[in-house]
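What follows is the residue order along each chain.
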Amino acid sequence: MARHSKTQGDKIAQGLTRRQLIELEACARCGECQVWCPVYAQDKRECITARGKLQSLRRLVKETLPEDEKHEFLEGLYECSACGQCHIVCPVRINTPELWEQSRLSLANAGIPQPESQLKQLATIKEFNNSFGKPQQERGLWAKTAWEAGLLKSPVPLWRDHPTSLIYFAGCTASFELAMQSVAVQTARLLQEAGVEFSVLGEDEPCCVSKLRRMGDPDFSLEAKKRLNQFDRMGIATVVASCAGCFKGLHSDYSKLWPERTRVIHLTQFLDHLIRERNLRLVHEVPLVVTYHDPCHLGRHNRIYEEPRSILKAIPGLRLVEMSRHRAFSSCCGMGGGLKVANSGIQHKMGAERVREAESTGAEAIVTPCQTCSLGLLNGVDEASSGMKVYHLNEIIVRSVCPEVTSEEILSAFVRAAVR
Amino acid sequence: MIDIPAVNYPKPWLLFWAVVILSHGYMDYALYRKWISWNRGITQTATTSGRWGRALKIWAAEVFLQRQLFGLSSFRWLIHLLIFFGFLALAFLSLSTFFLKLSHYLGVESSVTHYFLNGSGYIFIKVWGDSFGLALLLGLIIASVRRFLFRPAQQISGQMDVFLLFFLLWLTLSGFMLEGLRLALVPVELARCSFIGCFFIPPGTYTLEELQPWLTLLWVLHSFTGVGILVYLPHSKLLHSILSPLVIAMNAHEEQERKDLYWPDIAKHRATRLPRD
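In the order they appear, the protein sequences are chains U and X. Just so we're aligned: the first sequence equals residues 7 to 426 in the numbering used here. Just so we're aligned: the second sequence equals residues 35 to 311 in the numbering used here.
Simulated from the structure, these hints should not be mistaken for laboratory data. Since we're looking at a predicted model, the values are computed, not measured. Do not rely on the hints blindly, as some may be mistaken.
Listed below are the simulated DSSO-like cross-link pairs for lysine-lysine, each with C-alpha atoms no more than 30 Å apart in a straight line [claimed, not checked]:
#1 U:Lys-126 <-> U:Lys-76
#2 U:Lys-12 <-> X:Lys-68
#3 X:Lys-271 <-> U:Lys-68
#4 U:Lys-17 <-> X:Lys-68
#5 U:Lys-17 <-> X:Lys-271
#6 X:Lys-271 <-> U:Lys-319
#7 X:Lys-293 <-> U:Lys-68
#8 X:Lys-271 <-> U:Lys-50
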């Protein structure tokens with residue numbers, strides 16, 4: 007008897023969970039997702055909204071989606087930062103970010119690949135073990151340069167020379183992106199100021215590969231397991247991540263895979279703890295009015311809302327004002343979910359929208375604890391031709407603890423080192 | 035006991051039940067096909083903190099109080115609540131009276147049957163029916179005004195949305211029209227119990243013979259539209275009335291600890307105005 011061959015719809019459906027297949031049909035078409043979607047605000051097409059994507063995906067699974075609409079659906083699916091705002095406001099509670107990521111994976115497995123730009127990025131990550139396409143040997147150079155420039159109290163030990171139970175995981179952006187290397191340096195300095203015994207992995211630090219999950223690369227699980235095995239062999243008890251994307255990857259995406267003895271915390275959680283325990287003393291006044299941007303991966307995806315605010319409120323002289331959209335309703339800057347790679351123009355507009363919102367509060371600067379969001383907001387500042395300053399949270403803490411290692415100082419030291 | 039005059043007119047019961055059975059069979063088959071289709075997906079172990087009581091509390095707040103919608107827009111909350119409870123209460127009433135009458139015809143009557151069909155309970159049924167019928171009608175009218183006159187940017191009016199709205203409007207209005215025709219043949223004091231239906235009484239005095247064809251016609255139109263819901267449900271956005279509570283239940287079990295999702299202090303945390311308001 008001839009066996010029924012699987013259709014493309016079957017293949018896609020088999021890559022989604024049963025619950026997700028039910029969710030496709032549970033949408034009440036109320037359009038709340040459209041009201042709040044930060045991407046739709048820049049590109050007003052139905053295919054961008056969660057409602058539009060759910061309807062098209064349902065038809066794709068049922069094989070009733072016309073070819074021309076399929077193209078539009080794919081645009082909507084990949085031009086989505088998976089920020090999770092639609093999950094928060096959906097009266098039906100459809101878990102949209104999980105659904106988009108799983109759909110991307112399922113489509114890839116069914117022979118519908120990601121856009122060319124995302125495929126290129128994914129290939130780079132897998133080939134170079136970082137998203138910048140740079141040699142892995144350069145990953146830990148920030149620590150050496152910072153020590154040589156006198157920015158640290160002591161050299162940052164490499165785990166392989168000085169194994170510690172706590173490691174600082176800098177991530178690709180803070181390791182390779184010149185404008186953001188200050189985040190790694192300041193983190194190391196703040197941990198030293200607080201007397202924390204830690205080490206870094208240097209060139210052994212792998213990419214967290216969370217972008218593989220975000221963009222639906224079928225190799226994610228395999229690559230994640232390789233990294234987990236590495237951490238497991240090392241016997242690391244605590245990983246402190248300063249990047250919201252790495253934190254989401256290591257903490258949430260790997261959550262079921264981690265050995266029980268290892269925990270992953272975000273830098274803001276750790277610094278808040280150190281400040282509360284008076285291990286890190288906020289001494290100098292920072293006379294600034296700032297507004298806080300919640301990174302999606304920290305806020306909506308991991309419910310870290312209080313710790314960064316608690317840190318900011320503890321800084322003498324600093325005043326925190328909130329944007330109209332904050333915490334669970336924070337508007338995404340557009341850097342996540344592969345959107346920046348798929349359509350950088352939209353990301354710039356989303357960043358600009360967020361910057362304008364920050365301007366309306368009367369704040370002098372936007373503070374965020376994510377280096378990727380920092381870059382996204384800086385794109386927004388350019389796009390909006392705004393004078394708004396964008397600071398990583400570290401920068402504000404450093405000004406209160408050890409003002410000699412501001413990001414400006416670090417950048418000029420690193421530029422000098424590069425010239426030499 | 036209240037003297038309730040019987041208003042008897044021909045009803046094509048045989049055809050009606052044949053259509054009910056066929057429609058129900060079709061709905062069951064369509065839902066079964068959907069079940070098979072969902073079963074193609076990956077079986078996932080539910081991740082939960084396992085507090086059933088809390089999950090149930092969240093589920094009830096989300097499904098019956100529609101707390102999330104209230105936080106987002108009290109106006110839309112009111113519309114949806116009127117339609118939701120109106121529809122649910124009338125469906126419950128239809129089923130209850132069906133079983134009451136069935137027990138009457140089968141001769142297995144109890145004091146409950148007597149109370150509702152011939153006693154003071156009759157007035158309760160009329161007031162219940164008209165109250166929730168009014169709620170449904172108001173909800174549908176406000177929803178139509180919002181959709182077609184205010185035309186909020188977030189709303190798309192596809193074929194599915196418009197059809198369902200008019201389908202339910204017709205079902206509700208035809209119910210009141212049928213009630214009005216029937217009330218034209220009962221004493222005024224009794225007709226007043228149907229405090230909305232009495233507005234649909236045609237002016238003048240009529241005999242049962244005069245109204246009989248219209249009563250039958252309206253009964254057929256109203257009843258068969260009602261049965262149409264069974265056929266339409268699996269293919270329309272009406273399916274969300276079954277699937278939304280299911281998805282909310284799964285999510286309440288899994289994400290019950292998320293205060294930002296389930297118990298947000300919206301006034302404090304949310305934008306004070308909606309984006310682009």
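Against the structure, the hints:
no.: 1; hint: U:Lys-126 <-> U:Lys-76; result: holds (22 Å)
no.: 2; hint: U:Lys-12 <-> X:Lys-68; result: holds (17 Å)
no.: 3; hint: X:Lys-271 <-> U:Lys-68; result: holds (16 Å)
no.: 4; hint: U:Lys-17 <-> X:Lys-68; result: holds (16 Å)
no.: 5; hint: U:Lys-17 <-> X:Lys-271; result: holds (25 Å)
no.: 6; hint: X:Lys-271 <-> U:Lys-319; result: violated (47 Å)
no.: 7; hint: X:Lys-293 <-> U:Lys-68; result: violated (36 Å)
no.: 8; hint: X:Lys-271 <-> U:Lys-50; result: holds (23 Å)
Hint violations for this structure: numbers 6, 7, all remaining hints satisfied.
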